Amino acid sequence: MSVVTNPVTMPATIPEAGKEDNYLTHSSGFLSWALTLDHKRIGLMYLVGVMSAFALGGVIALLIRIHLWNPNLDSAQAWFTNKQYNQLFTLHGAVMVFLFIIPSIPAALGNFLLPIMLGTKDVAFPRLNLGSFYLWIGGALFFLFSLFATGLDTGWTFYTPYSIESQGPVIAATMGVFILGFSSIFTGLNFIVTINTMRPPGMTWFRMPLFLWAIYSTAIIQVLATPVLGITMLLLAAEKLLGIGIFDSRLNGDPVAFQHFFWFYSHPAVYIMILPAMGIISELMSVHSHKGIFGYRMIAYSSVAIALFGFLVWGHHMFTSGMADVTTIVFSALTFTVSIPSAIKVFNWIGTMYQGTISLNTPMVYALSFIFLFTIGGLTGLFLGALSTDMHLHATYFVIAHFHYVMMGGTLIAFLGGVFHWWPKMTGKMFNDFAGIVSAAIIFVGFNLTFLPQFVLGTRGMPRRYASYKPEFQLLHQLSTIGAIMLGIGLLVALLTLLHSIFYGSKAPRNPWGGATLEWECSSPPPHDNFSSAPTVGDPYDFSRIEFDPKTGSYFKKK
Amino acid sequence: MIPTILADINDSFWFPKQASNFAPDVDWLYNAIVYISIAFFVPIVAAMIYFTVKYRERPGYKGSFEALHNTTIEVLWSVIPTVIAGWIFWQGLLGYIAMQSPPPSGTEDIKVIAKRWNWNFKYPNGAESTELHVPVGRPAKMIMRSTDVNHGFFVPAFRVKRDIIPGRFHYSWFTPTLEGTYDLFCSEYCGDNHSTMNAKVFVQSEEDYAKFLAEAIKEPEDIVERGRWLYERKACKGCHYAGKDGAQGPGPSYNGTWGKSVPLAKGADASGKETLFDDQYVLNSILNPEQQKRKGYENAVMPSYKGELKIEQIEALAAFIKSLESEAAPAKK
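Protein chains in written order, with numbering that gives the first Met the number 0: chain A, 0 to 558; chain B, 0 to 332.
Keep in mind that the hints are not guaranteed to be accurate.
For lysine-lysine, the following BS3-like pairs were computed, each having C-alpha atoms within a straight-line distance of at most 27 Å [said to hold, decoys possible]:
1) A:Lys558 / B:Lys61
2) B:Lys243 / A:Lys82
3) B:Lys294 / A:Lys82
4) B:Lys243 / A:Lys469
5) B:Lys294 / A:Lys556
6) A:Lys82 / B:Lys233
Here chain B is said to cover these stretches of chain A; the calculated rule only asks that three of the stretch's residues, wherever they fall, bring their Cβ under 8 Å from a Cβ of chain B [as the list claims (entries may be wrong)]:
7) 173 to 184
8) 361 to 371
With the C-beta cut set under 10 Å, the calculated list includes, among others, these residues of chain A facing chain B [to be verified]:
9) Trp78
10) Lys82
11) Tyr158
12) Lys290
13) Ile357
Worth flagging that the hints you see were computed from the coordinates, not collected in a lab.
Quick caveat, the model's predicted, so the values are computed rather than measured.
Cβ coordinates follow ideal geometry from the N, Cα and C atoms, glycine included.
Put together the whole structure using the sequences plus the hints.
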C-alpha cells in the first residue's frame, strides 16, 4: 500500500498544532514510568516484558530442537543429558505459557487499546493495573529464579505424583505461578469493570469493536478459572509439605484428581490464549479489507460461546488417563461443540474479504498467515477430539504439532500482526512494510517446516517429551530443526524491523491503515489523556465514510 | 528422500504397520478425518487467495461495503460443520467402546508392572520378562500397575495407549494380528530416563509363544547365571551396567565394586561414610534403597524390591555382582 511503501515524511497536520503532547514525552525519568498509572505506559512495559519472556522461551526451544538433531541413543554424543533435556522442555513450556502467551495480548495490547477503543482516559482501576504489572514482574522473577536455580523437571503441567517426589523446586515454582495468576486475575477484573461501566454514550454492546468482545470474554475466563489454578497450586504445595493425601497414591490420594484440577484451569487458559488473538484478527481483517466485518453478531456470540464451552472440555486432555468411560465420552462430545464457534469465525473472516478493498501490508499478511495456520490447528483438533484416534495420537508429537499450530501459528502470529498493526499508534513511527512482509513470509515457511513433520512423527508413534528417539524418526526431526532455525531468523527480522522503525521510521499519521475504531481518532502516539474531547461513537466497522488524504498520508472520517 | 521418509517400518505415509484388531478402524477414521479436513482447508485457503488477488487495492478499483451479513450462508456454515463434527464424534465413540470392552473370557492375561524406567511382564504360567510376548490372533489383556509415578502403555503398531497410574489397575486389550517385533513406548512423562523406558513387543505364533513361556519359567541352575537371569528379568538392567551390558544410566555399575569400600551419599543413615560392598550391602540396597545411597547417586531413584524378590534370588544377584569384581567400570557413569 502506498502509504507505507513510500513513507510520508511531512509532519502530519494535527488540529491541535504546536508542540504535541504524547504519552511517551508527557513526563520523563525512571519513576515516571515505574510509578505510572497510564494504561498506555503499562501496556508498553508489558509488551517489553512479554517479548523478553518470548525471546527466552524461544532460545530454549532452539536448544531443544538442536538437541533433537540426533537420535541421542548414545548418550555420550548428546548435547544435553536426559535430565537437562527434561529441564529444558519444562522451562520452554512454563515460560511460554505462564510468562508469554497468557499475558501477551490482553496485558500488552489489551491494556494499551481497551481504554482508547472505549474513548476513555484510562481503565477503571489504574492502580490495580499497575499492581498487576508488578505482580507479573515479581511472579516472573520468582518463577525464573526457582527454575534456573535448581532445575525444575516436572513439565509445565506439574503432574502428580512425579511433582510430589521430584527433587526440583516445585513449591517455589508453584508459588511463582500463583503470583502470576493474581496478575492475570487483576487484569481481567479491571477489563470487565471498564467495559461494563465506562463505555461512552452510544456504544452499546453491539457497537463495540470485536477486539473488545474478545478481551471481555477472555477477562471472564481469567477471573473465573485462574483462582482454580491458585487452589491447585496450593493443594500441590500442601501435599508436598504436609502429605495431606489427596494426590499422592501412597497416601491413598488420586493422581488423576490433580489432572482434573490442573486442566480445569489450563484448558480454559487455552482460550485465554486464543480468544484475544481472534479479536485481533477480526480487527485486522476488516481494517485492511476496508470493509465491515462479516457477521458481526456471530463473531461476538462465538467469542462468548467459546469462553463458556471452554470450561466444559478440560477432560479431553485426559482421555487415556482412566476416567470413567461415560465421562470420557461426554468430554469428547463437548469438545466437538467448541470446534463450531471457531469454524464460524474463520468463515466470517473469509467473508469479510469478499468484495472488500484489500491492502496487502504487513499486518494483513500476518492475518492471512494466521487463518492458514489456525485452520490447520483447528482441523487437526478433530483427530484428537475423536476418541479412537486419540488413543493412538495422545501424548505423541501429533499433539505437539496441533497445539503449536493453535498457540504459535494462532496466538503468536496474531500477536505479531497486532503489534505491527498498532505499532504506529503505540510508537508514532512507521516501520518498513517490505521488511515486515519478509519477516511474515520467513516465519510462515519456517513454522510449517517445523511443525508439519511433527504431525507425521506423531502418527508414526513418536512420543512427546523424549530426549532420545528411534533412528527411523531422524529425518523428520531434522526437517523440524531446520524449520525451527528458520523460524528464529524470521522472528529476528520482525524484531529488527520494529527496532529499526523506532530510530529511522517516518512519523506515523493519525490513521495510517484506515481503521474506523476510536483509537485511530487520536494522534499517534496518543496524548496522555487520549482524547482532548469525548469522541463521537459510531459503528466501529463503517468504512464507507473513511477516506484517504494523500496530503497527510492518513485516512480520515468524512463528516 | 521419499524412500527414507517411508522407512521400512511404515506401511503407509502416516502409520506404522497395522498389527492389531484396532489398527484398521483407527486408521480408517484417521483417513476419513484427513479427507474431511482437506475438504474444509482447500476451499478456505483457495477463497482467501482468490479474494486477496481479486479484491486487492489498486488504482481505479473500489470495493463495496455491502456484504456484511447473509443469514442463509451463516446458518449453512454453522449447521454443516456441526453435523460433520457429530459424525466424527460418533465414529470415535464406537471405536473407543470397542477398545474398552475386552472379551469376557479367553484372553491371555498378562500383568504389566511399570517402574522407572523399566517394564516387567508376568505371564499366566508365572514366567517373567522385560520384553512383551503375545500370541498372534488371540486377545491379550494387559493388567497394568505402576510402582512409582505415572507411566503410559503405548504400542504404535497396535494403536493402543493407556496411562498407568500408581494405586490403580488399568487395563488395555488387543488382538495382535500380525507376527513381528514392534516398539512399546512409555507415553506419560516419568522423569529422567522417560525416553529410554521402551521395550519390544514380540507377536508370535502360538507354538513360539508356548516355547517362550516354557523357557522363560526355567531358572538357570548355576547361581551366577541365575543372578544374571534375574538381572535381566527384574529390570535391574535398565539402570545398572554389568559386564558389557545394561544401561550406563542412573544407577551405579556392578563392575569392579564387590569387596571394595564404597563412599556413601550424605544422608540420615550414613553421612559421607564408606561402607563395604558385600552381601549385606546388596541386601539392604535392594530392600531399602533409600538408606545407603552411593555418593554421586543422591538423586537416582531405585524402587524397593521388598516382597518382590525372595532371599534366594537376592543371594543369586549378589553372586552375580561378585562375579563381576574384576570387570572394568564403564567409560562413563
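Margin query: For a C-alpha distance cap of 27 Å, please report whether Lys243 of chain B and Lys469 of chain A respect it.
Written below: holds, 22 Å
Item checked: Status of the hint placing Tyr158 of chain A at chain B (closest C-beta pair under 10 Å) -> Constraint on Tyr158 of chain A satisfied, holds at 6 Å.
Checklist line | chain B covers the stretch 173 to 184 of chain A, three or more CB atoms within 8 Å, holds or violated | finding: violated (count 0)
Check: Can the restraint linking Lys82 of chain A and Lys233 of chain B be considered satisfied, given a maximum Cα separation of 27 Å?
Finding: holds, 24 Å
Check: Quick check: the stretch 361 to 371 of chain A, covered by chain B? Criterion 3+ residues, Cβ under 8 Å.
Finding: holds (count 3)
Next item on the list: Using Cβ atoms only, decide whether Lys290 of chain A comes closer than 10 Å to chain B, and label the hint accordingly.
Entry: Holds - the Cβ of Lys290 of chain A comes within 10 Å of chain B, reaching about 6 Å at its closest.
Notebook entry, point to check: Are Lys558 of chain A and Lys61 of chain B close enough, with their CA atoms no more than 27 Å apart?
Noted result: Given pair Lys558 of chain A, Lys61 of chain B holds - Cα atoms ~20 Å apart, limit 27 Å.
Check: Taking 10 Å as the limit, does the beta-carbon of Lys82 of chain A come near enough to a beta-carbon in chain B?
Finding: Holds - the Cβ of Lys82 of chain A comes within 10 Å of chain B, reaching about 5 Å at its closest.
Note to self: A closest beta-carbon separation below 10 Å is what the hint needs, so does Trp78 of chain A meet it against chain B?
What the structure shows: violated, 14 Å
Item checked: Restraint status (C-alpha distance of Lys294 of chain B to Lys556 of chain A at most 27 Å) -> violated, 76 Å
Notebook entry, point to check: When you check the alpha-carbon spacing of Lys294 of chain B and Lys82 of chain A, does it fall within 27 Å?
Noted result: Roughly 18 Å separates the two Cα atoms, so the pair holds.
Notebook entry, point to check: When you check the alpha-carbon spacing of Lys243 of chain B and Lys82 of chain A, does it fall within 27 Å?
Noted result: Given that 27 Å is the threshold and the Cα spacing comes to 24 Å, the pair holds.
Taken one by one, the earlier hints fail for this structure at numbers 5, 7 and 9, listed in ascending order.
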